[in-house]
Every structure is written in C-alpha cells, then in structure tokens.
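Q: Chain by chain, the residues run as shown.
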Amino acid sequence: MRRERIVNAALAVLLLGFPLWAYWAGEPFLITLATRAAILALAGVGLNLALGTGGLVSLGHAAFFGAGGYAMGVLAWHAQMYAPMNIAGFEIAGTKSMPVIWLVAVLTGALLASLIGALSLRSSGVYFIMLTLAFGQMAYYFAISWPAYGGEDGLSIYVRNGFPGLNTLDPIQFFLLAYAVLMAVIWFMARLQVSPFGLALAAARQSPARVQAVGIGVFRLRLVAFVISGAITALAGAMFADLNRFISPTMLNWHTSGELIVIVVLGGVARLYGPVAGAILLVTLEHVLGGFSDFWQIWLGLGLLAVVLFARGGLVGALAGRAVAHD
Amino acid sequence: MSLVLLLEQVLNGVQLGVMLFLMAAGLTLIFGVMGLINLAHGSLYMVGAFAAAAVSGLTGSFLLGLAAALAAAAAAGALVEMLVIRRLYARDHLDQVLATFALILIFSEGTRWLFGSFPLFLDVPTWLSGPVALPLGIDYPKYRLAVIAVGLAVAGALAWLIGGTRLGVQIRAGEADREMIAALGVDINRLYTLVFALGAALAGLAGALVGAIQSVQVGMGEPVLILAFVVIVIGGIGSIRGAFVGALLVGLTDTLGRVLLPVIMTHIVGPQSAATVGSAVASMAIYILMALVLLVRPSGLFGRT
Chain B
65 MRRERIVNAA
75 LAVLLLGFPL
85 WAYWAGEPFL
95 ITLATRAAIL
105 ALAGVGLNLA
115 LGTGGLVSLG
125 HAAFFGAGGY
135 AMGVLAWHAQ
145 MYAPMNIAGF
155 EIAGTKSMPV
165 IWLVAVLTGA
175 LLASLIGALS
185 LRSSGVYFIM
195 LTLAFGQMAY
205 YFAISWPAYG
215 GEDGLSIYVR
225 NGFPGLNTLD
235 PIQFFLLAYA
245 VLMAVIWFMA
255 RLQVSPFGLA
265 LAAARQSPAR
275 VQAVGIGVFR
285 LRLVAFVISG
295 AITALAGAMF
305 ADLNRFISPT
315 MLNWHTSGEL
325 IVIVVLGGVA
335 RLYGPVAGAI
345 LLVTLEHVLG
355 GFSDFWQIWL
365 GLGLLAVVLF
375 ARGGLVGALA
385 GRAVAHD
Chain L
57 MSLVLLLEQV
67 LNGVQLGVML
77 FLMAAGLTLI
87 FGVMGLINLA
97 HGSLYMVGAF
107 AAAAVSGLTG
117 SFLLGLAAAL
127 AAAAAAGALV
137 EMLVIRRLYA
147 RDHLDQVLAT
157 FALILIFSEG
167 TRWLFGSFPL
177 FLDVPTWLSG
187 PVALPLGIDY
197 PKYRLAVIAV
207 GLAVAGALAW
217 LIGGTRLGVQ
227 IRAGEADREM
237 IAALGVDINR
247 LYTLVFALGA
257 ALAGLAGALV
267 GAIQSVQVGM
277 GEPVLILAFV
287 VIVIGGIGSI
297 RGAFVGALLV
307 GLTDTLGRVL
317 LPVIMTHIVG
327 PQSAATVGSA
337 VASMAIYILM
347 ALVLLVRPSG
357 LFGRT
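As they're listed, the protein sequences go chains B and L.
Numbering (this note's numbering) for the first sequence: 65 to 391.
Numbering (this note's numbering) for the second sequence: 57 to 361.
One or more hints might be untrue.
Stated by the list, open to error - Listed next, with one range per pair, are the computed distances between beta-carbon atoms:
hint, chain 1, residue 1, chain 2, residue 2, range
1, B, 355, L, 223, 32 to 40 Å
2, B, 66, L, 224, 52 to 60 Å
3, L, 351, B, 356, 45 to 53 Å
4, L, 270, B, 226, 39 to 47 Å
5, B, 144, L, 348, 37 to 45 Å
6, L, 351, B, 284, 44 to 52 Å
7, B, 89, L, 348, 54 to 62 Å
8, B, 144, L, 192, 51 to 59 Å
9, B, 273, L, 169, 58 to 66 Å
10, B, 76, L, 213, 40 to 48 Å
11, B, 254, L, 323, 22 to 30 Å
Said to hold, decoys possible - A few chain B residues that don't get close to chain L, going by computed Cβ distances all over 10 Å:
hint, residue
12, 86
13, 155
14, 198
Hints are computed from structural coordinates only; laboratory data are not their basis.
Don't be surprised by glycine CBs; every beta carbon is placed ideally from N, CA and C.
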C-alpha cells in the first residue's frame, strides 16, 4: 500500500511538474500535450470506476465522452452564433461559461448512462460488452446523420470557453484548471472506493450472488456506478472538446472507447492513479512514436499485445507490486 | 412508393442479411466453442477483401480472387489463433477485448502500410454484371442475386457441417463440454484452430463478395463487425440458427428503414424535416430493434438461458 502511495504521488508530481517545466522553457505545445494527458486521464478515471472497481467491461464509453463534447459544442455554438436554442417552445441561450457547460455535460452523460446502463446491465459478460458497443455506435451514427450540428464534419468553436477568474486561452492556466479538476475527481474516487457503496461495488464484481444475498441490490449498485462513471467521462469529453476547440463524431466512435480501455489497462485496472499513468504513457507514445513513423499504431498494437499476454497489472502494478489487488 | 421498388429493397435487405450471416456465423461459432469475444473479426473481413482485390487485379479472374480471399483469411485466422488467440481462452473478457483490439490496430495499420490509404476496386466480372429480369417486372442486378445465392448456399453447407458431419459433432460437443471431448481423445487445439480458421474464411468470403459492391479500404470491416454483434445479440450468442434469423432481421430492418422511415416521417413531422428525422431514426433502427428484442428475451431469440 505504501509503495502504491509513493507511485501515486510521483505520478501526480510528474503530471504537474512537466508542464511547469515546459512553461519555464517556453514550450507551449508540450503544455498542451500535458493538458491532453490530464483530460484523457480524467476520462479514464471515470471508466475505471465501471471497468476496474465494478468489473463492467464497457466498450461504449465513447458515447459519454462524445456526449460531453457535444454538450460543450452545442452550447458554445449557439453562443457564438447568437442564436438561442428552441426546445419545446422555450428559448434557451447558449453559453461560453465552462462551469455551466460542465454541469450540462455531466447531466447529459448521467442521463445517457442511465439509459444505456438500464438496458445493458440486464445482461452480463460478453452480452454487456456487445450491448455497450452497439449502443455507443448508435450514438455515433446518430451524430453523423443529424445535420443540425455539423453532421459528419463536426463543429468548430472559434474561442475557448471561459472560466471565471482565469484566462483559459493561456495554455498553462487551462492546464492547471484541467489538473485541478482531475485531482478533485481522483480525491472523490478515493473517498468513493472506501465508502460502503464502493466496497459493495467491488464485492459485487467478485461475487454478485453473495452481495445479493446480504440484501444489496446488485443491479441498482451497478447502475449507479455506471451513471457516475458516464458522468465523469462526459465531463472529460467537454474539456477535451474545449482543448481542441472542435468536436466531431470521431469522439463517439468505438475506437475512442477502445483507447479509453487501453488507458485504464496500460496504467493498471482498478488502481486509483492507473488512468493517470496510462494517459501519460499513451500521449507520450503517440507523440514519440508518431514522430518516427506514420504507422506508429502497429507498434502500439504490438506493445499492447505484449502487455496483455505477458505483463498483466499495468504500469502502476509493475511499479507498486501486486499486494493491493483485491482478488 | 411502388411495389416493385419495395420488392427490390427487400432483396437488398436479404443480400445485406446473408452477408451479415457470414460474419455473424463465424463470430458466434468462435464464441460458442471457445468462449472468446473476437473484435478482430472485421479485420479478417478486410483481409479477404484486399486479397480478392489484389489477386483479381493481377490475374483478371474474379473466381481466383474469391479463392484467394478464402485462403488468405483462413490462413490469417489460423496464424493469429496459434500465435495470440490461443493464449486468451483462459483469460477474462477484458483481456480478450484488449488483445483483439490490439490485433485490429496491427491489421489496419499493416494493411495501410502494404496497400496505401487509397481504396482499391474489385470489379464485378462481366458474366455477373448487368440486370436480370425477375417476375413482377423487377430488374435486379445479377451480381447481388448471385451474392444472395452464395450466402444461402453457404448457410446450407454450414448447417450440414454442424449437423451432419464428424467435425460438426466435435464442434457441438466442444460447446457443451470442452474437457470431456478432450478426455475422449479429440485434439482440442487442432479443433480450435480449425474452427477459428473456418470463421475467418467465412468473414473473408463476405469481405470479398461485398468488396465488389463497395470499395475495398482499411477499416471497412468495422461497421460490419458492429452489425454482426447486433445480429448475435438478437439471435442469441452461440446459435447458428439465431445468427441466420438475426442477420435477415437486421438486414431487412436496416435497408427498409432507410427507405421507408423518411416516407413515414413525412406524415408525422411534415415534409420539411422528414428527410433529416427519417434518416436519423433509420440509422438507429437496428439498435432500437435490438433493445426491443432484449427487453422481451434477454438472451436473444435462440439463446440458451
């Protein structure tokens, strides 16, 4: 346990220290890379609750990631066009304020996750994987065929949304904002994991029948976890869209779901800082290998195969040992 | 909308359905016998299409291309099974998902590296091009009709293979109790490789046949893979009969939905937004179908509970 704490602290310091160094060295692109890693880590932290703690292998989290992205895109687009939305006769103005956008993204993600979860959690195992994948692709095809918000081409947002008291156009300030959100969510996750809810969820992964037998409804437990997981991933999606100032259906494609799983597994399943390690690793590989060859994904694929076949436990597992594993 | 047009769309739906069956049959066999979820099945479809396009481009013979598709996909399947998949049978689903996702990256980027990013074209042979006159005054493309015929023939052959041969007995026994048939002296490793190669060959055949209608490009297998998953979920995992019924249901729903829903929507939301709403709903029709089937039968139409 102590070793994992040291690893966690080192990861937190690394993710904060690198962009600060880049700021000092005058390399804004590297700050943007670190921001990308922090936001992907946040999405991974969301997925890790369902995948790691809950044991629910969701191949549809791109739907929540993209829903958050579209929440940002739609609100900001209406604001930049000065065209209020018309929902059932009510005129609602768009907004360029991040806190409002985040709230809408979280609610959208939670709503979508409760719908997909309620349908998919009736099953388990391979059915659950295929169902989440299928419903995720449904969101993808819907975004492509719905032309109001750019359809296949996506939407561009000209100016990054604002946060009270900060200049979000300054890379280091936007990074610090993303980092603060990531740390707050990780703190929340740490509390959640030792709460009765988190313990019951982990127990339900190991033996659903026993959890049911002591009087805890497994379906409801998993649904709540899935909804929280989807909401966090949607928050990350809204921030990711803000980082790129662009959204497109690609965010909803199932490859995004696969990449989120890769982040969680490379870092270490069910480890608090696993997604942080995974996101740093993936963004680094993307940047370094992508510089060597156009076909860097072959090497990513081969590396991934090697990790799955020969080195289980991910990066945090390799650094901190296996002692913490719950099962 | 005329009856002739509607019947043509029904035929198109059946054609999509039999192609989906070729994909879904392999997936469901592999899951039923080995308990493996194989995301890379779409890559084998792509391998078949590229092999067919390359060989028929070189030799000018469509049939040689088809043979190459079958051989290349089966070989790729057997190789992948022996190198990677074999180590995953005892693992949990997360490892299987991740490893087969890695295989997709390797296959897709490898194909892009070999053939480039531009799509290849596979031409319909002259003896299958042009329309054929069907009863009721329908002119239907000869090639698509041939695709339906091949799909149905393969479905029949598969039913015979599973139901009437020694290999089929072993496959069914493997689904029921793999330890027992290993104890009875069946070489379980060989059986698994064979089943995987068979599934791969079916996917490759589907890729080659569809490749002549659409373009042959990297990533072409993934939309089909998702549809095949929907088919399996509807039909019930592990059931070949379920895969057949599910494939036809999905093929017909998707094709007819795209044609009929914009028309139906005209009466509901008016002509201005009918095309938009109709196409958006049509893109979701099969998933709505899947959700409905699952609400009534959580393990699919022919699934074992």
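Q: Next, verify each hint and record whether it holds.
A: Outcome of the hint check:
Between residue 355 (chain B) and residue 223 (chain L) the C-beta distance comes to about 50 Å, which lies outside the given range of 32 to 40 Å. Checked against the hint of 52 to 60 Å, the pair residue 66 (chain B) and residue 224 (chain L) passes, with Cβ atoms roughly 57 Å apart. At about 50 Å, the beta-carbon gap between residue 351 (chain L) and residue 356 (chain B) stays in the expected band of 45 to 53 Å. Between residue 270 (chain L) and residue 226 (chain B) the Cβ separation comes to about 45 Å, which falls inside the hinted range of 39 to 47 Å.
Between residue 144 (chain B) and residue 348 (chain L), the C-beta spacing of about 40 Å keeps the proposed range 37 to 45 Å intact. Judged by the Cβ atoms, the range 44 to 52 Å given for residue 351 (chain L) and residue 284 (chain B) is violated: they are separated by roughly 18 Å. The supplied range of 54 to 62 Å is met by residue 89 (chain B) and residue 348 (chain L), whose beta-carbon atoms lie about 58 Å from each other. Between residue 144 (chain B) and residue 192 (chain L) the beta carbon distance is about 55 Å. The supplied range of 51 to 59 Å therefore holds.
Checked against the given bound of 58 to 66 Å, the beta carbons of residue 273 (chain B) and residue 169 (chain L), roughly 49 Å apart, lie outside it. Range check, residue 76 (chain B) to residue 213 (chain L): Cβ separation about 59 Å, and the 40 to 48 Å hint is violated. A hinted range of 22 to 30 Å is violated for the C-beta pair residue 254 (chain B) and residue 323 (chain L), which are about 55 Å apart. Every beta carbon of chain L lies more than 10 Å from that of residue 86 (chain B), the smallest distance being close to 29 Å; the non-interface claim holds.
The non-interface label for residue 155 (chain B) is consistent with chain L: the shortest C-beta to C-beta separation is roughly 19 Å, beyond 10 Å. A cut-off of 10 Å between C-beta atoms contradicts the statement that residue 198 (chain B) is not in contact with chain L; the least separation is 5 Å.
Hint violations for this structure: numbers 1, 6, 9, 10, 11 and 14, all remaining hints satisfied.
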